[in-house]
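Assemble the whole structure, with the sequences as input and the hints as a guide.
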Amino acid sequence: MIWVDTLVQGILMGGMYALFAAGLSLEVGIMRLVKLAHGDLIVMAAYLILLLVTLLGLSPFVAAAIAAPVMYLIGWGLQKHLLNRTLGTDILPPLLVTFGLSIALQNALLEGFSADSQRLPTGAISTASLDLGVLTVGVLPLLTFGSAVAVIVGLNQLFYRTELGRAFRATSDDPITASLMGIRPGNIFAKATAIAMLVVTLAALYLGMRSNFDPNIGPARLIYAFQAVIIGGLGSLWGTLAGGIIIGLAQTIGAAINPEWQILAGHVAFLVVLLLRPRGLFPRAFD
Amino acid sequence: MNTQSHIPTYVVTTRTKASQVTAVVSVPLLALLILLPFFAGRGLIQDLFFVLTMLVLAQFWNLLAGYGGMVSIGQQAFVGMGAYAMFGGVILAGIDPIPAILLGGVAALIVAIPTAFFAFRLQGPYFAIGTWVIAEVMRLIMAQVQSLGGGTGTSLPRAATREMWATEWIAELFDVRNSAARDILTYWLALALAAASIAAIYALLRSKPGLALSAVRDNPEAAKSVGVDAGRMKWFVFLASAFGTGLAGALIYVQKARISPDAAFSVTDWTAYVLFIVIIGGIGTIEGPIIGVIIFFLLQSLLADFGSWYLFTLGIIGILVMLIAPRGLWGLITDKTGIQLFPVRRRLRGGTANTPKN
Amino acid sequence: MSLLTTKGLTAHYGDFQALFGVDITLNEGETIAIIGANGAGKTTLMRSISGVLQNSPAMITLSGQQIGGLSADEILPLGLAMVPEGRRLFPSLSVEENLLIGTYGRKVDGYWTLEAIYDLFPILAERRTNPGTALSGGQQQMVAIGRALMSNPKVLLCDEISLGLAPVVIKDIYAAVPKIQASGASLILVEQDIGQAMKVADRVYCMMEGRVTLDGAPDSLSRDDIHAAYFGVSA
Numbered sequence: 014m015i016w017v018d019t020l021v022q023g024i025l026m027g028g029m030y031a032l033f034a035a036g037l038s039l040e041v042g043i044m045r046l047v048k049l050a051h052g053d054l055i056v057m058a059a060y061l062i063l064l065l066v067t068l069l070g071l072s073p074f075v076a077a078a079i080a081a082p083v084m085y086l087i088g089w090g091l092q093k094h095l096l097n098r099t100l101g102t103d104i105l106p107p108l109l110v111t112f113g114l115s116i117a118l119q120n121a122l123l124e125g126f127s128a129d130s131q132r133l134p135t136g137a138i139s140t141a142s143l144d145l146g147v148l149t150v151g152v153l154p155l156l157t158f159g160s161a162v163a164v165i166v167g168l169n170q171l172f173y174r175t176e177l178g179r180a181f182r183a184t185s186d187d188p189i190t191a192s193l194m195g196i197r198p199g200n201i202f203a204k205a206t207a208i209a210m211l212v213v214t215l216a217a218l219y220l221g222m223r224s225n226f227d228p229n230i231g232p233a234r235l236i237y238a239f240q241a242v243i244i245g246g247l248g249s250l251w252g253t254l255a256g257g258i259i260i261g262l263a264q265t266i267g268a269a270i271n272p273e274w275q276i277l278a279g280h281v282a283f284l285v286v287l288l289l290r291p292r293g294l295f296p297r298a299f300d
Numbered sequence: 471m472n473t474q475s476h477i478p479t480y481v482v483t484t485r486t487k488a489s490q491v492t493a494v495v496s497v498p499l500l501a502l503l504i505l506l507p508f509f510a511g512r513g514l515i516q517d518l519f520f521v522l523t524m525l526v527l528a529q530f531w532n533l534l535a536g537y538g539g540m541v542s543i544g545q546q547a548f549v550g551m552g553a554y555a556m557f558g559g560v561i562l563a564g565i566d567p568i569p570a571i572l573l574g575g576v577a578a579l580i581v582a583i584p585t586a587f588f589a590f591r592l593q594g595p596y597f598a599i600g601t602w603v604i605a606e607v608m609r610l611i612m613a614q615v616q617s618l619g620g621g622t623g624t625s626l627p628r629a630a631t632r633e634m635w636a637t638e639w640i641a642e643l644f645d646v647r648n649s650a651a652r653d654i655l656t657y658w659l660a661l662a663l664a665a666a667s668i669a670a671i672y673a674l675l676r677s678k679p680g681l682a683l684s685a686v687r688d689n690p691e692a693a694k695s696v697g698v699d700a701g702r703m704k705w706f707v708f709l710a711s712a713f714g715t716g717l718a719g720a721l722i723y724v725q726k727a728r729i730s731p732d733a734a735f736s737v738t739d740w741t742a743y744v745l746f747i748v749i750i751g752g753i754g755t756i757e758g759p760i761i762g763v764i765i766f767f768l769l770q771s772l773l774a775d776f777g778s779w780y781l782f783t784l785g786i787i788g789i790l791v792m793l794i795a796p797r798g799l800w801g802l803i804t805d806k807t808g809i810q811l812f813p814v815r816r817r818l819r820g821g822t823a824n825t826p827k828n
Numbered sequence: 006m007s008l009l010t011t012k013g014l015t016a017h018y019g020d021f022q023a024l025f026g027v028d029i030t031l032n033e034g035e036t037i038a039i040i041g042a043n044g045a046g047k048t049t050l051m052r053s054i055s056g057v058l059q060n061s062p063a064m065i066t067l068s069g070q071q072i073g074g075l076s077a078d079e080i081l082p083l084g085l086a087m088v089p090e091g092r093r094l095f096p097s098l099s100v101e102e103n104l105l106i107g108t109y110g111r112k113v114d115g116y117w118t119l120e121a122i123y124d125l126f127p128i129l130a131e132r133r134t135n136p137g138t139a140l141s142g143g144q145q146q147m148v149a150i151g152r153a154l155m156s157n158p159k160v161l162l163c164d165e166i167s168l169g170l171a172p173v174v175i176k177d178i179y180a181a182v183p184k185i186q187a188s189g190a191s192l193i194l195v196e197q198d199i200g201q202a203m204k205v206a207d208r209v210y211c212m213m214e215g216r217v218t219l220d221g222a223p224d225s226l227s228r229d230d231i232h233a234a235y236f237g238v239s240a
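Those protein sequence lines, which keep their order, are chains A, B and C.
In the numbering used here, each residue's number is its place in the first sequence (first place is 1) plus 13.
In the numbering used here, each residue's number is its place in the second sequence (first place is 1) plus 470.
In the numbering used here, each residue's number is its place in the third sequence (first place is 1) plus 5.
Since the hints were made in silico from the structure, they are not lab data.
All figures in this text were calculated on a predicted structure; none of them were measured in a lab.
Beta carbons: idealized from backbone N, C-alpha and C, even for Gly.
There may be inaccurate statements among the hints.
To be verified - Label-pair restraints from in silico Cβ distances:
#1 B:V615 / A:I189: 51 to 61 Å
#2 C:G74 / B:A666: 53 to 63 Å
#3 B:A795 / C:R228: 54 to 64 Å
Right under this line is the structure:
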């Protein structure tokens, strides 16, 4: 039953892409800001985790738990002091500043860590699998997918059931009127990016455990994240999960036909969705 | 009853003192550049080739983003396709590399049509990443074309490079080896392309469609309400930029004579550097990229040995310039002095001293 | 006891000056109306007081504190809330969430709670889960007023709450004003339609082209005075 196996693998891989995308989706939904450095921030978090693992001998999970608040603060500072200054009606500044950030980050990491491929030491879990009778699934991909779902559930709860979530949505609608409610848009944006960085850290953990990483793989992650967000539809986190799954499926099916077609298949799926449903599958935001 | 009515006559003009000076100075400057191979070393010619081709890329990205309002980070698609089409013409159809450059421009233009079709479905930052995705698709597709080297790439056949148009004549004229003659030839072509691009872009901006373009960039809805076909304008600018970029890409790879998908579709070489040039120099002006490319070249000469720190520095400078001086170096100069070498703003000149009396 | 005063308030939009030295006083427990034609500067005045526009600190004083230079998010916690022109509800929030967001910056025990708002405008209770903007104009105005009241403000600014509404609906909205006054809030009502505003106000200011042209108690002002102050031409 090769095809069932391929499908399941594709869906689980979708969980990985959804994790890449969830943080981006949050930022895009609230701030209409696409950080071209998003993928590089994931890679940076992976290196941070690696650093903690090698320096302190911790397990990747514990290291990630420590790295998370660090990334939170970095995200907060980045948004508050750099990116908030680019927000406005002109689309050029945020694009160009985050592009410059992407280049700077990649090369700083290159200088700091060299271009060597790295991997987080994972131990038994990387090869462990679950026998479900009709097929076997890897524990790590399952964990990744489960984390993605948990993150999206958590973010939705935050957005729709908490006061902070109300503030996020209000600020996204109308920052000026939001300030009349005592909301500080600049702080809200900083908080949004900071929370997104928590998701980024989780994504980095699974990225580092599952495959090799080096300073230059950031842009490809950005593209997958972006594709998942667009396919899913702006403003919908479950849509982002669906988008991730579609890309994951397209890639695994493409790879099953011809290994060299894996990435191309994902791009083609994106273009097809763009052709048929330009606003994505579940668009929600009032753009 | 006083029937005299003095109707003032007005003339719309873009000419300024500085622009007149520029027009006058550019003639001997161009002549100097054309005659340069007679007394310059090969190194300088190669450096200038690099500067001129980057200038062409920058001018067309500036047209697209600065004037057209379409921020693309996927122009490498057209550099790559232009270069590969040229290679295809030479290797598969036996065409001489020089006319094959035109083939490169046309190929980029053709490929730009489906690109625009997909990309225009997206706005703002999504448009930007969308263009990048499409460039990646092209890179991945070209890596599958085995007849052009597949993933590892290929070189121009020696016969083709040795017998390129006019190289023999140039080799004799300057008494240099064939490879140096190629460098001189490509240099002249780059000079011609750069001059033609600047002239064409300037002419466009001074024309009625050019005015419409500014209107569309500033406020598409308002532009449409006065009858500007915003959609047509966007298509025209996108295709024109693709064509120019494709020509430049093909020319660059005639000189390099070796191609690979990763190099020809490189985001760093054909987008990051170009963005840097335009931002530092001044986006939305013709003078900006000219200044930008000079600064870029100086920076590269100074820092190229430092590998990643060089790129890191470029990134940081780009960020700082965007935050502090978003209109770039030329923007600062224009703000302080009001000088415009390639002015496009229309002013009213004329009128008479008499005004109608009631 | 003066609660809110502006002294020589000026405001600019770039090169364009919108306010030329406006002096307004709101006393505790008072309701004042500010009337004037389109473009008179009324909304600019409201935006200045509420902090959407920043001015010199000393130009605006609230309970003795200089607030002229503060931003809106700093002014709300001090007890000044605004019902903005055009209502400006949040489309991504439901009616109830729009009301709740009003307490984000200022949580004070007071008369106005969610129940009290639903009591004031019962129709909103029926629509509490609808998206904020899926309501009629009048109902949206009710939400906007409720949203501002949720912070139990000492000073409530109402910018053209009758704009675009049918006369019958305007009466309904203004029927709520006495209850708002009774809860202890001091009101500034900005209106183009002077009928309703003059009925509930203790004092009236008239503005034209960025200046105060008339002020006094409603019954002390003649029709001709108002006409001249409003339009700038003698009747």
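Each hint, compared with the structure:
1. B:V615 / A:I189: 51 to 61 Å: holds (53 Å)
2. C:G74 / B:A666: 53 to 63 Å: holds (55 Å)
3. B:A795 / C:R228: 54 to 64 Å: Taking Cβ atoms as reference, B:A795 and C:R228 lie about 58 Å apart, which means the hint holds.
In this structure, every one of the numbered hints holds.
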